[in-house]
Every structure is written in structure tokens, then in C-alpha cells.
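Generate coordinates for the entire structure from the input sequences, incorporating the hints supplied.
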Amino acid sequence: MTLQDVMIETSGLTRFFGPRKAIEGLSFSVTRGETVALLGTNGSGKTTTMRILCGYLPPTAGAAKVAGFDVTSHSLDVRKVVGYLPEDVPLYTDLTVEDSLRFFGRLRKMRGNDLERRIDEVIEQVGLGAYRDVLILKLSKGYRQRTGLAIAILHDPEVLILDEPTVSIDPVQVAEVRDLIRSLTGQHTVLLSTHQLSEAAELCDRAVVLKDGGVVADGPIADITAIDPTRRRITIRIEGDDAVAAESLARVASVSSVETAAPMDNGPSALTVVGSGEHLQNDVIVALVRAGIVIASVVEERPSLEAAFLDLARAPEAGQFA
Amino acid sequence: MRNVLTLAQKEARAYYASPMAYVVGAVFLALAGHFLVSGLSAPVPEASLREMLTPLAFAIILWGPIATMRLLAEEQKMGTLELLMTTPIKEWEIVLGKFLALIAMFLGIVIPTFIYVGLIAWYGNPDTGPLFTGYLGLLLYGGAAASLGLFTSSLSSNQIIAGATSAVALLFLTLADQAADVVAGAPSVLLRSLSLPGHYNGFVAGVIDISDVSYFVTFIAFFLLLTTLSLETRRWR
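So the protein sequences, as listed, match chains R and E. Just so you know, we're using this note's numbering here: the first sequence kicks off at 1 and counts up by one. Just so you know, we're using this note's numbering here: the second sequence kicks off at 1001 and counts up by one.
Calculated directly from the structure, the hints in this document are not laboratory data. This structure is a prediction, so every number in the text was calculated from the model and none was measured. No residue lacks a Cβ here, since even glycine has one placed at the ideal position from N, Cα and C. A portion of the hints provided could be inaccurate.
[Unchecked claim] For each label pair, taking beta carbons as the anchor points, the in silico distance ranges come out as:
1) E/1077 / R/133: 19 to 29 Å
2) R/121 / E/1127: 55 to 65 Å
3) R/140 / E/1017: 18 to 28 Å
4) R/112 / E/1139: 30 to 40 Å
5) R/68 / E/1172: 46 to 56 Å
6) R/171 / E/1222: 47 to 57 Å
7) R/140 / E/1222: 36 to 46 Å
8) E/1077 / R/20: 19 to 29 Å
9) E/1080 / R/298: 50 to 60 Å
10) R/42 / E/1183: 54 to 64 Å
[Said to hold, decoys possible] Below, computed lysine-lysine pairings styled on DSS-like, alpha-carbon distance capped at 25 Å:
11) E/1090 / R/80
12) R/211 / R/21
13) R/141 / E/1077
14) E/1090 / R/65
15) R/21 / E/1077
Spelled out as C-alpha cells, the structure:
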């Protein structure tokens, strides 16, 4: 990987708002053409990180470079190469879609026929052809999102920074905006923040997970979902004494914990078994049969991104992935 | 400079697309007409706009806050300032662009009063010097109100607070002359030197005093600089 390949690089990035810490000691990098998700719960520092990376906020300490430009000393250069979609897509509601694009294009030194041609292209690309003369005030949230994306890509930026691009829009529009973002990946280096983990898995090669303003995981999403490949979780419905069942399961060496849930409408009791090992399911069934418990069903949950993310969010200490 | 003009054009278009522009313009023109008629109804009327231009400065207390309060406060509230400041535009370009738009808006309400100049010229023989200097003074007064209002608009994301702060400050600077009459010594001198009408009345009388010009130019530059600093320091807050 050459220096030119690293499009976003942060090192010990820290930002305080007065006494309140937003991010501290954040270090990660994104290479050219990569699509990376910045994951984290609300207040984890995603928006602050993005605002620093697009030259809007200066860091309190540490450094960040975008396309080789330092965000503090070369903020204007950073802003030239970045296309930014802020959270909640703030737009001038008294302008039409076309006038908005023309305004932001002019601020980006685009002029004349080149600007008009590019406006036509991005309007076509984001599917706003029928709305180009409509006031933004009259657009639905989904179409405003598209307008925000059109503004972000208007100058064909090397780096796209998208802050929660599908938040607060309906499922149909979410799918459409995701398709749009997918069409942009590859041509641009994309950093997008989300707390919808399925979105990260669908759109991104890699995720950087933030917690309390620090990086708790950084790696391919497949690695994060398989955070503990040996950890398994099995839900068993039984007919019989659940206390006896729990006691017999607790004696199985590969089982680390057993939780019981009260039966609903006099149905079978449910036991959730967490453990590890290739033969966990087999060991559990044998132990229950030997205890004389009738098994109604056995379901093993696959480790999901959500589960891995919750594990990370609850983890007391940070860790690094591949 | 192109960014300044792009932003000024957008702001001026937005202003003239709103009904508020026409309401404010109509009120300003009506007040100007009222002052003119009052002046011409005097026992010995003068063929000048002095009687109109002098009190018209008070109408700027109304115009300034209304025109300026939304310019930066609304951008902060709606979040569009974030979008704007992530384009390659400098803070001073934003401030100057908005100021130029305000001057265009002010000219939009002042230029219709030229009809009164036409009337005076039709029925009398006015001295053109004081007419020219009077309008120059009015433009500087409007510029001062615009720069002050732009600054207060940068301090808050609440338009009402921004507008009220600007109105109170303008009222103080407009009445400082009267306040100077009731105190003595250094406070009186200070109040008189701060007074907007105190530096404006010379223009209406047909006198261009370099100290009055300096006052208005310094006033405008000072508040535009403060607004730029306010936007710059906003990144650190």
C-alpha cells in the first residue's frame, strides 16, 4: 500500500467540546476505492469524526489527512476533494433541486456548460429528473436525501463522506438510497456512518466500530460478525422440569451459561444455552435425554452482526481486529 | 470573489422570493412618504428631502433586524451552515456575500423613494448636493445596521433572539445622542461619538465630513470582522 493509496488517515484524533469528550485517540485509515462503515451507537463520535474529516471541525489533538491533505492546515484543499452528506440532509428549502446544484457547483468553481452538463448527469444518476424544478421544501425526505447525495457527488469528489444516509426515511426509499450508494462505490472512496448494521454489511467492505469516542474494532465485516467463532448460542424448548434440565446442562463441560425463560400459555419451557465446542449441540441433547427431559425443539442462532456489535458495545475494554 | 457574488445572488433571490421583502419595502416607502408630506406641510416648505431622510434613519431600526435576523441564525438552526462550510468557501466570503445581499436588499427599498426626488424636482428646484450626500448617508446607515445585524445573527441559532439583540443595539446607537444630552463629561462625549444619527445628520445637511465617513466605514468593517471571527470560532465551540 503506497501513501497515495491511503485516502483517509487519522492518528490519535481527539475532539473535546468544552469539557465533554466526543472522540479520543482515534486512529484508522481508509484506502482508495474502499467503502468503510463507521459504526457506533448514538454519541459514539461518528458525526464528530466525519465533521473533522470534511474540514468542518478542527481536532483538539491528533491529526487527520484526507487525500494527503491535513484537515487543519489544508482545510480548503480537503473540502475540495470531499463530498459530504451531513446527517438529516440540511438543504436550502427555498431553492429548487436544480438551483441548489447550480449554487453548490458555483461554490466549487464549476461554471458554464461544464456545470450544466454535470447537473444533468447527477440528476439522472440520482433519479431526480422529474423533480429538478421542484422546490426542496416540497420534496419528501427520500428525495431530499437524493438531492443531498447529488450535491455531494456533483464535483466528482475523490472521497465521499456520508453521515447516516438512510436515517428517517421509509423502507422503500432506504432500498433506493442504498442502491444509489452501491452505484457510487468503487468510483469513490466512501466512508459512511450508520447504526443500521445490516446496511454496513450490505454496502461496506470494512467497518470501524466506535464506542465512547474510541475505536473498539476495525476490520472486515465478516471478521467482526465472527468475533468469537467458538461461541455458540442454542435455544431449546423442553417439556418437563426446567430446573432439572438447567442443572443437568450446567454439568456439561462445553456449556458456559444456561438461562431459563418462563413458558408462555402453558407451552414448553425455553432454555438458552451459551457455550463453545464443535459438539455443543450434541452434548446438550445427550444431557437432557439422560435427565429424562423431553425435547420439543432445538434452534441454534448464528452469530449476527447485531450480536457482535452488542458484544463490542458492552465490552469493558477495546480490542482490535484484523 | 466569485464565491461572494454567488452567495450574494442566492441570498438576494431568496429575499425577494419572500413576501416579507415586499411588506418591509411597502412599510419603508409609506414611512418615507409620510415624513416627506409632513415636511412639505410646514409653513415654509423646502424643496429638499431633508425632512424625509432625517427621520427615515429610525425606520432602519425596523428594517435592519428583520432583514438580517435569519441570515446566519437560520443557517445554524437548519444545519445548512455545515453544508456551506464544507465547500471550499472562506468565512469572510460568507460574511461579505451576505453583506452584499443586504446592501442589495436595502437598495431595493431605498430606490423606490427616488420617486419623491422626482416629485420635488418637478415642483421645486432642489439642491442636488444634499440629495446625493443624504442618500449616501442613508446607504452608510443601512450598511451599519446590516453589519450589526449580521453579527448578532451569527451569535444565535434563534432568529428572534438575533433580531431583538440587533434592534436593541440599533435603538441604543440611534438614541445615544439624546442620552448624551442628559449626562456630562466623558460619558457624554463617548455617547455622542457612538451615535449613528450624530454621524448621519451631516450627510443629510449636505456635508461630507471625513470623520463621519470614517465612523461608518469603521463601524461596518468592525462588525463584519466580528462576524467572520464569530464564524471561525464557532468551529471550536
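Status of each hint after checking the structure:
1. Look at residue 1077 of chain E against residue 133 of chain R: about 27 Å separates their beta carbons, and that is inside 19 to 29 Å.
2. The hinted window of 55 to 65 Å between residue 121 of chain R and residue 1127 of chain E holds, with their beta carbons roughly 60 Å apart.
3. With their beta carbons about 22 Å apart, residue 140 of chain R and residue 1017 of chain E fall inside the hinted range of 18 to 28 Å.
4. Taken as a hint, the range 30 to 40 Å holds for the pair residue 112 of chain R and residue 1139 of chain E, whose Cβ atoms sit roughly 33 Å apart.
5. As the Cβ distance of residue 68 of chain R to residue 1172 of chain E is approximately 51 Å, the hint placing it in 46 to 56 Å holds.
6. Between residue 171 of chain R and residue 1222 of chain E the beta carbons are some 53 Å apart, a value that agrees with the proposed interval 47 to 57 Å.
7. Taken as a hint, the range 36 to 46 Å holds for the pair residue 140 of chain R and residue 1222 of chain E, whose Cβ atoms sit roughly 45 Å apart.
8. Take residue 1077 of chain E and residue 20 of chain R: their Cβ atoms lie about 21 Å apart, and the range 19 to 29 Å holds.
9. For residue 1080 of chain E paired with residue 298 of chain R, a C-beta distance near 56 Å keeps the hint of 50 to 60 Å intact.
10. With their beta carbons about 55 Å apart, residue 42 of chain R and residue 1183 of chain E fall inside the hinted range of 54 to 64 Å.
11. For the given pair, residue 1090 of chain E sits about 12 Å from residue 80 of chain R by alpha-carbon distance, which is consistent with the 25 Å threshold.
12. Distance check on the hinted pair: residue 211 of chain R and residue 21 of chain R sit about 12 Å apart at the alpha-carbon level, within 25 Å; holds.
13. Distance restraint check for residue 141 of chain R and residue 1077 of chain E: the Cα-Cα separation of roughly 18 Å lies within the 25 Å cut-off, and the hinted pair is therefore satisfied.
14. For the given pair, residue 1090 of chain E sits about 20 Å from residue 65 of chain R by alpha-carbon distance, which is consistent with the 25 Å threshold.
15. A C-alpha spacing of about 23 Å is found between residue 21 of chain R and residue 1077 of chain E, which places the hinted pair at or below 25 Å, so the restraint holds.
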